[in-house]
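Engineer: From just these sequences and the hints, can you work out the full model?
Protein chains in written order, with my numbering: chain L, 1 to 114; chain B, 1 to 109.
A couple of the hints might just be wrong.
[To be verified] Derived DSSO-like pairs (lysine-lysine); straight-line CA-CA distance at most 27 Å:
no. : chain 1 : residue 1 : chain 2 : residue 2
1   : B       : K69       : B       : K3
2   : B       : K54       : B       : K3
3   : L       : K1        : B       : K54
4   : B       : K3        : B       : K52
5   : B       : K54       : L       : K57
6   : B       : K69       : B       : K54
Think of the hints as simulated: they come from the structure by calculation, not from any bench.
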Amino acid sequence: KAGVTQTPRYLIKTRGQQVTLSCSPISGHRSVSWYQQTPGQGLQFLFEYFSETQRNKGNFPGRFSGRQFSNSRSEMNVSTLELGDSALYLCASSPQAGANNEQFFGPGTRLTVL
Amino acid sequence: LAKTTQPISMDSYEGQEVNITCSHNNIATNDYITWYQQFPSQGPRFIIQGYKTKVTNEVASLFIPADRKSSTLSLPRVSLSDTAVYYCPLSRGANNLFFGTGTRLTVIP
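Structural biologist: As structure tokens, then:
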């Protein structure tokens, strides 16, 4: 079974632009979560989607948004990019929503904002 | 916020047992304790999960005292390939894990 895939793997943008990242979960997995990883803050939860509905959201500004499609694939969008948005963005999937499910992470998208 | 505290880094020689401790003083009743491993340029990988007492699988053991305010991941006989960052997020509510900056384990030959 194929793992979680994320596209693109690397991205360079300039301040003020917007960006869309894509995540395809493991087949059969219906929950997709997004995380931001930076050297200073570590791994931080962005949001979780299940059955096309956002179930939880972390402490990030409204510039960060996401959605999930009927096939469970998910996208996250960051508008009006800032230098501090440079990070590794990780997507994780699990079969169900709810606590205590093992999450399977993708390789991430490395975003650089210049 | 379900914050956890871990040592920033640890060194160990190959073949030794390594114990990494995580502090989670404000753990809630419905929180589970999960450990993940992350190699450079990869996403985290699940190692083990527990609620209380001891859990063991083929790669690690997890010790959780009765008050659940801390947990210890035990890696038996580490090898060079165990060099990685280890996280102990709490899973609260849905699938939103509260990670920290983790513990960087370096295994020395």
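Engineer: Would you mind marking each hint as holding or not holding in the structure?
Structural biologist: Each hint, compared with the structure:
1. B:K69 with B:K3: Distance of about 11 Å is within 27 Å: holds.
2. B:K54 with B:K3: OK: K54 of chain B and K3 of chain B at ~22 Å, within 27 Å.
3. L:K1 with B:K54: Violated. K1 of chain L to K54 of chain B sits at ~31 Å, over the 27 Å cutoff.
4. B:K3 with B:K52: The given pair, whose Cα atoms are some 18 Å apart, holds under the 27 Å limit.
5. B:K54 with L:K57: violated (32 Å)
6. B:K69 with B:K54: It holds: about 14 Å lies between the C-alpha atoms, which stays within 27 Å.
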